[in-house]
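**Q** One letter stands for each residue in the lines below.
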Amino acid sequence: MDLRCKSLFYLYESDFFCLMFRRFTMKNLKISALVTVLLVLALNGVFAQALSLKSVCGDLAANPVTKGDFTQTKTVVTSKGSRELKSTGKFLFCLDGIVWNTEKPLASSMIITPTKITQISANGNKNTIDGKDNPTFASIASSLTAVFSGDLSKLEENFTVDFSVQGTEWKISLKPKSAAFSKSINSIFLSGNVNASKKAQMNQIEIVEQNGGAIKYSFTNQTISKELSSDEKAYFAK
Amino acid sequence: MKKHTLLNKLNNKHFVGIWAIFHIGLLLFFGITYFVSRGNLVIDADLFNMFPKSFNEESIRKADEKLTELTGQNVFVLVANESFDDAKAAAENLYNKLNGSSNFKSLSLYSDFNDFDEVVELLYKYRFNLLDDDSIQMIENSPEDFAGEALMTAYSPFTVLPLDNLEEDPFMLSETIANHYLNAVQSSGIAMNVKDGVLASESDGLWYVMLRGILSKKGAALASSDNGISEIYNLCATEENFGSRYIFSGTPFNSHQSSNSAMKEITIISAVSLGIVIIMLLVVFRTPLPIICSVGSILVSILTAFIATLAVFHKMHILTLVFGTSLIGSCIDYSLHYFTHNYGNKSMISGDEIRKHLVSGLSMAIISSGICYIILMFAPFNLLKQMSMFSIVGLISSYLTTLCLYPLIPVPKNDREIKMLKIMRPVNNQRRRQLIGRIAITTLFVFSIGSILIFNKNIAIHNDLNKLYTMKGKILEDRLETVKIIKYNPTGWFIIRGESEKDALEKEERLCKQLDEYSNGEMGYISTSKFVPSETHQQRSRDAFEKLLALAPDQYEALGFDPSMAEDLEQMFHETDGEYFALSKSTVPSYLSSAISTAWLGEMDGKYYTVVMPNIIDDADALTEMVKDEKDIFFISKLSDMGKDLDKLTLMVLKFFAISYLFMFVILKFFYSWKQALKIISIPLLIVLITAAFFAIFKINLEFFSVTGLILVFGLGLDYIIYMMENEKNKGKNTNTLEPFATLLSFVTTIVSFGALALSSFQPVHLMGLSIFLGLASAYISTMFYDRSL
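Quick note, the sequences are listed as chains A and B, same order. Quick note: the first sequence uses my numbering, first residue 6, plus one each step. Quick note: the second sequence uses my numbering, first residue 100, plus one each step.
Be aware that one or more of the hints could be misleading.
What the hints assert, rightly or not - To give an idea of the chain A side of the interface with chain B (calculated C-beta under 8 Å), a few residues: (1) Gln77; (2) Lys85; (3) Ser113.
It is worth saying that the hints were derived from the structure and are not from the lab. Where a beta carbon is used, it is the ideal one built from N, C-alpha and C, also for glycine.
Produce the entire structure from the sequences given, and follow the hints as far as they go.
**A** Put into structure tokens, the structure is as follows:
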């Protein structure tokens, strides 16, 4: 009956809802961009060989699970100048997503999967944003899968990619192509070197925001394993 | 009947004057109304407007109508393509062509990227007031936990809002509120997202880009050929679509379809009815004059009825026209009676004589029909009122044309014989005929009453709106696809009434809690208070924040700021004492108030109204039950409510029927003997019994439209027996077969036009046609057996 249609869609009349959703998307995009980049680089420890993006992709599947320590530095630009918020902890990224265990100054965890983001505080409080019905979230997830399978065209679809090498150091800069993305993110820089076992290793990611703020992630003590432990699998259990 | 003394004093000029006064008067009335209303006389093609208004309280009905008005003109086009870029290009192409069209009040494809800063500013400005229930509760239970979570968020990898305001918002209140808003938006059921500046969604390998529009008054006038829907259809058919497919949604598309099919039906029904009638008249009279006159009379009566109805109601539903085509049958009755005498009654040598002969019968007929229609005018249902008005004016016009203009036509001097009259052979054995008649009438009564008793379980007053209109073809496919893409299908809503904004929002918040408890938080819905909470809630939010102030120095220190900044925070907080985020105080920015414009109905007649609209309703009865004891909260489930309202109205129409029945009997008693009056009045009873028996046998519910059909039959069916009675009085004038012949012709022509209605694919028209068909057939058959002249 057409009555149903009378009320149908009225929500879409408003850009406010769209804006809110865009922001939700922006958050997802930021996360997903980072996830994408981490996965691309962590699973592409072959930069040292040819140090080309293409060659990195060839080894993607070789490192399904990467773990290590991280230091996060948020540069916050306020009306009274800029200030840094520093935190440290352990990270894990794999085909199922990312686990971000912050240890200092406050313990908390953030688990990011293709369908949801869950934040868990030290006292066990959980806050979940479900993205399973969000098509953008889903499309980003599919892009991630493409990255895992070595499909760099997906990465290049969303960013203008610039790759540079200096000695054993390498650097990738990504400039968002879409207006939605670039509204929030100015650029993403990924950098690393070639380790002792002649494998490329990612040491740092920096996301520079349009408002002048930035988030820098430094990775140390990285290890690579073939599969997740049972405790680690629990992070991604539905 | 008394002698027509007045009639004898009037000549043809007087009659022409009467005809002219009636028709020209109505034309002038229409002209004045058109002028006064500045041309605001419209044909309404909206399917839902044909149904009776809800029996809810007047104020709630008004609020519901406002909601329907706000959402009823929305149109949506989803452009589907495997490639997002192609879908977007096709959508942009369509948007560029439609943009600026006077058929649209607004049209949007692009999402503005500059407004998010405004949202951030709003959340920051009212950060002390807008905390959600869970956050307030958390602070009340343990302010330390809340402060700890704020720190955790500040140090977490990602936040929804930028941390620019961290110095003034160390407890991350804006972030908490933003998350709450996001959840509220997500719970509203949106499945579309912004991609490259447009709303888009991906499903099963296809990208869908959404174009949204609101039709203007001109664009929504579906009866005109250049309406907004036609414009969209035409552009989608002709413009470059880059291999994309268009999916259309929104009430106007459905109304456009039903309006078009209604127009087609009018054309077909009119053409078929008129065609058959013309052939019949040609066969009977063997001259085109009666046809020209009859068709002219019909056209004049329909046109007169049309302008009169439009002038009185200012807005006429298109279905009134569909039902109005049935006038063809009734109007032609009068013409047939006239021309039967004109061409077959040698004893009458002038039109004036024929008029005098017919005036009593036709007058009684129009009085009986008119009374039924007038009674229907009192039904609380606009479509019925319009139909009654249309029919009364149409019948009067036709009646006047027959009695005032036809007598001007010279009576043929030769060849005054209707050959087909031979089929009406008088029966000489009066006793045998009476016996047959009595047996037949008794049988009809016994059969109908017996059937009703046997199948009484099948007799029920039940209106199911789901059966009345079924979407099909592309409209149905588009609707299914749209629901799949946007995952949103509300079929009912709550309307909340309050003495003030605060009162209405408080009641809404209470209802939302009930809904969350009922569905364990699984039910998504759109509501105002999720975005603009009541003042009471805002005060609770402020009270909760006050508890956090004691922790502010430590919080600042943990974030690396000077702990003394806590004093500034406290001052900032108290500076906003008594400041509330309120719709009536214009503190809500336009983008937000426009976003909730369909949930917040605002002030109407001194009360405030708001709407809570669940995404999907599985059990409407449970929701009705939930608020049954609330005097200011109403659950509106349009389909089931309208069905129930129609049930009530059906009962009411049956009561009207009973009143007309008694009233008619009293009137008849003035003109006829007890025996004759009883005989005449038994016809409507038989009509109802036979029709009810038929419906019971074939398990057809007594629905509103079939019962309304019976009322119409009441008026028309009485005509036959009245003509027959009048004929009985005229015995000895050698006309005893002419009148039955004219009645037979009337019956056949009427049954043809109403029978055509029964073939309609539109259920209300079909049901009405069917009951009229059955009723008229019963009326004619019983009249035939009652009659003693054949």
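**Q** Sort out which numbered hints this structure fails and list those numbers smallest first.
**A** none
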